[in-house]
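Asker: Single-letter residue listing:
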Amino acid sequence: MAIVKQKMLALNGDEAVAYAAKQSDVDVVAAYPITPQTIIVERFSEYVANGEVDTEFVCVESEHSALTACLTAAATGARAFTATASAGLALMHEILYVTSGCRAPVVMAVVNRALSAPINIHCDHSDSMVERDCGWIQIYVENSQEAYDSIIQAFKIAENPELLLPIMVGLDGFTLSHTLENVQTLPDDLVKKFVGTRQFTLVTNHEGKTVPFKLDPKTPVTIGPLDLYDYYFEHKRQQEEAMRIAPKIIRQVHEEYAKISGRRYGDGLIDPYYLEDAETAIVCVGSTSGTVKTIVDELRSKGMKVGLLRLRTFRPLPVKEITKALENVKAVAVMDRSLSFGGHGGAVFHEIRHVLYDAPKHPYVVNYIYGLGGRETHPNLIHKIYRDLQRILETQRIQKPVQFIGLRE
Amino acid sequence: MFSEWKFTAKDIAEKPDLFMSGHRACAGCAPATVLRLIMKALRGPTITTFATGCMEVVSTIYPYTSWKIPYIHTAFENVAANASGIEAALKILKKKGRIPQEHVDVIAFAGDGGTYDIGIQALSGAVERGHDFLYVLYDNEAYMNTGIQRSGGTPHGASTTTSPAGTVIPGKLENKKPIADIMVAHDMPYAATAAPYYWRDLITKARKGIEVNGPAFLHVFAPCPRGWRSDISKSIEISRLAVETCIFPLWEAINGEYQLSAPSKVIALRPERKKSVREYLQLQGRFRHLFTSKFEKVIDEIQRTTDGRWQRLLKKCNIA
Ligand SMILES: Cc1ncc(C[n+]2csc(CCOP(=O)(O)OP(=O)(O)O)c2C)c(N)n1
Ligand code: SF4
Ligand SMILES: [Mg+2]
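Just so you know, the sequences run in chain order A and B.
Taken in order, the first sequence gives residues 1 to 409; the numbers are from the working numbering.
Taken in order, the second sequence gives residues 410 to 729; the numbers are from the working numbering.
Take the hints with a grain of salt, since some may be wrong.
[What the hints assert, rightly or not] Only some residues are given here: those of chain A computed to face chain B with a beta carbon under 8 Å: (1) Asp27; (2) Val28; (3) Glu61; (4) Ala69; (5) Pro217; (6) Pro220; (7) His354; (8) Val355; (9) Asp358; (10) Ala359; (11) His362; (12) Gly406.
[As the list claims (entries may be wrong)] Reference excerpt, derived from the structure (chain B facing chain A, CB under 8 Å, subset only): (13) Tyr473; (14) Leu499; (15) Gln530.
Rather than coming from a laboratory, the hints here were simulated on the basis of the structure.
Values in this document were obtained by computation on a predicted structure and should not be read as measured data.
Even glycine gets a Cβ: it sits at the ideal position worked out from N, Cα and C.
Given the sequences, and given the hints that come with them, work out the whole structure.
Answerer: Written as structure tokens, this is what we have:
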């Protein structure tokens with residue numbers, strides 16, 4: 001299919017998300033407001049109030065109920081969407097696991113924000129990084145265009161009958177959520193067609209019948225039973241099996257979408273920038289990669305072999321792709337916008353260093369904790385990181401494997 | 410508002426069970442009886458959802474299930490949100506023609522812990538939003554699934570594992586929260602109380618709760634011999650005594666208008682039929698310590714509270 005004519009709209013990240021959800025023919029939205037996600041809920045409420053969407057909007061009394069209602073709506077056969085941030089995601093914590101465990105393909109936008117205390121409404125990735133083990137696919141976007149594109153893709157990925165995995169799409173609070181950007185949007189009918197209607201996985205019910213996996217009085221199933229030591233383990237393994245095939249489906253959907261939109265983000269899993277011959281590289285997630293790209297351009301124009309690996313999909317972790325992308329790099333700096341107190345570095349660092357341990361050639365890998373609570377990530381910091389990496393190559397020594405950057409010492 | 414559904418005992422006996430035997434509830438478990446009776450009140454396609462608790466645990470141990478209708482459990486404190494999501498999905502899927510046009514009823518079940526305490530937020534929210542569902546509170550007056558801990562629904566004087574009767578403290582010091590009145594205060598179209606001894610009244614009320622357009626709340630008294638330290642053959646009799654002592658009067662509130670149900674109305678009209686709370690308390694080991702000289706005055710307090718609440722109820726029903 002040819003790339004279609006698109007309409008440019010001036011949208012902030014939240015509006016881009018709401019617009020994508022609107023076009024994706026969502027059946028049920030249950031959400032609760034929290035800065036910096038609020039605009040998503042407000043815009044969606046307006047769509048409902050103006051009859052622009054065919055959606056049941058459940059204006060719940062908490063995030064716990066928001067995700068619960070999305071879970072059971074999805075289990076009833078609906079396409080379900082919610083959005084939250086920070087404390088809201090933390091309040092959902094219990095139900096995140098229940099959603100993935102019930103194989104409910106809910107799509108959620110997480111507008112990344114710091115966790116209390118002290119209370120802070122600005123961006124970091126603490127809220128979603130701490131949820132990385134909860135059985136959800138996690139995608140982090142670089143800009144509002146990608147937020148729009150990723151929400152549309154997310155429905156098609158999550159609802160794939162082979163997968164049935166919930167997805168959270170992370171976009172940086174304020175930096176993306178509240179900043180106007182020109183966003184190319186696809187025609188309504190095309191998005192609707194791309195996402196399609198839900199197809200249901202067939203399962204064997206307790207009566208031995210093959211039935212669609214949903215709450216349907218014609219074909220009763222029991223969802224969410226007590227599952228003890230005799231079966232629980234196998235069921236958890238099944239979730240992990242789904243995670244194993246998820247990269248293939250994420251890539252497929254990303255490619256299919258690229259064919260109509262003309263937009264690609266690497267292969268949908270990782271988004272490498274000048275890595276082919278890079279000697280030093282930064283790895284990060286989210287909007288900071290935009291800043292890093294500018295510095296890479298600048299340094300490249302001076303002949304320095306620097307590059308960037310933006311992790312777009314953090315769960316499942318694209319192990320093969322990361323290894324391949326970084327195997328010839330000599331020194332890698334991982335930037336983490338969250339902190340694992342008392343651990344050895346941040347969440348992304350843990351994964352990257354861990355993956356590279358098995359790579360044929362170990363590059364040096366160091367970690368920078370940056371930008372907590374919305375602290376600005378000045379281009380100078382990125383320059384410093386590339387200088388540090390250069391120094392590691394010159395001295396063949398890591399002085400500090402994990403350090404903070406961009407704060408008062 | 411309600412259909413003229415009439416049924417005989419035979420109809421009920423012959424109506425196929427939808428909550429099947431083989432579940433793991435204790436002998437004499439009234440909550441299990443309550444579920445079975447309520448399933449007899451169904452009028453058509455129905456989806457049910459449960460809060461974590463005894464009835465969820467005993468009815469769905471994988472790979473078995475006692476449920477002949479679609480069932481989902483997600484967590485302890487959110488069953489009303491479960492129902493909200495199901496109802497919202499049914500509504501929109503029907504509108505879009507993705508499911509048959511027939512009406513599907515939604516029934517949520519939770520224990521007292523899942524209702525009075527941890528689940529009250531989700532319940533209050535779902536009722537305020539006006540979802541069309543029946544919420545059944547099966548009240549066995551403690552967290553039984555986790556080993557008989559007190560809840561906001563545990564009555565004054567009861568010994569539980571977190572309000573144990575000691576040498577100085579006579580069991581739970583606080584009164585039972587008037588949960589059904591709290592629900593009526595939500596201006597909901599239908600709220601009622603029921604007890605399994607009065608099975609006909611129970612089934613009728615469940616049916617009304619299903620039929621009513623919008624949220625309905627049914628508070629069912631459900632003795633638990635395990636937690637109440639009562640004889641397994643006495644559960645239904647205890648539910649009768651709870652009504653006869655006015656500890657658990659039977660009433661319904663239709664659009665906020667209270668009216669006594671027959672078994673309690675009889676007592677209102679002939680107060681001499683009202684039994685002393687002692688008759689009720691003495692059948693249960695959880696109140697045993699009250700029958701000692703040290704704690705006996707608690708029985709008088711329970712009597713006073715019961716009488717006070719009964720009088721207030723009569724006023725709400727425009728009697729006396
Ligand atoms: C968030 C959370 N807290 C605590 C528990 C542990 N828990 C499971 S069931 C239960 C008590 C259930 O009591 P109730 O609602 O009265 O139902 P019953 O078991 O008495 O039928 C508790 C405390 C839980 N599952 N989830
Ligand atoms: S502990 Fe009580 S409520 Fe639970 S199954 Fe046994 S009798 Fe029923
Ligand atoms: Mg209980």
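Asker: A separate judgement is required for each hint: does it hold in the structure or not?
Answerer: Status of the hints after comparison with the structure:
1. Annotation: interface hint on A:Asp27 holds; nearest CB of chain B at approximately 5 Å, less than 8 Å.
2. For the restraint placing A:Val28 at the interface with chain B, the shortest Cβ-Cβ distance is roughly 5 Å, inside the 8 Å limit, so the hint holds.
3. Evaluation of the A:Glu61 hint against chain B yields a held restraint, the C-beta minimum of about 3 Å falling below 8 Å.
4. At its closest, the beta carbon of A:Ala69 sits 3 Å from a beta carbon of chain B; the interface hint therefore holds under the 8 Å criterion.
5. Interface restraint check: A:Pro217 against chain B, minimum CB-CB distance 3 Å, threshold 8 Å, status holds.
6. Interface hint status for A:Pro220: upheld, as the beta-carbon distance to the closest one in chain B is roughly 5 Å, under 8 Å.
7. At about 32 Å, the closest approach between the beta carbon of A:His354 and any beta carbon in chain B exceeds 8 Å, and the interface hint on this residue is violated.
8. Among the interface hints, the one on A:Val355 is violated; its C-beta lies about 34 Å from the nearest C-beta in chain B, farther than the 8 Å criterion.
9. Interface restraint check for A:Asp358: the shortest CB-CB distance to chain B comes to about 36 Å, outside 8 Å, so the restraint is violated.
10. About 41 Å separates the beta-carbon of A:Ala359 from the nearest beta-carbon of chain B, more than 8 Å, and the hint is not met.
11. For the restraint placing A:His362 at the interface with chain B, the shortest Cβ-Cβ distance is roughly 44 Å, beyond the 8 Å limit, so the hint is violated.
12. Checking A:Gly406 against chain B: minimum C-beta separation of about 40 Å lies over 8 Å; hint violated.
13. With a least beta-carbon distance of about 7 Å to chain A, the hint placing B:Tyr473 at the interface is held under the 8 Å criterion.
14. Among the interface hints, the one on B:Leu499 holds; its C-beta lies about 6 Å from the nearest C-beta in chain A, closer than the 8 Å criterion.
15. The closest approach between the C-beta of B:Gln530 and any C-beta of chain A is roughly 6 Å, which is under the 8 Å cut-off, so the hint is satisfied.
Of the numbered hints listed earlier, those contradicted by the structure are 7, 8, 9, 10, 11 and 12.
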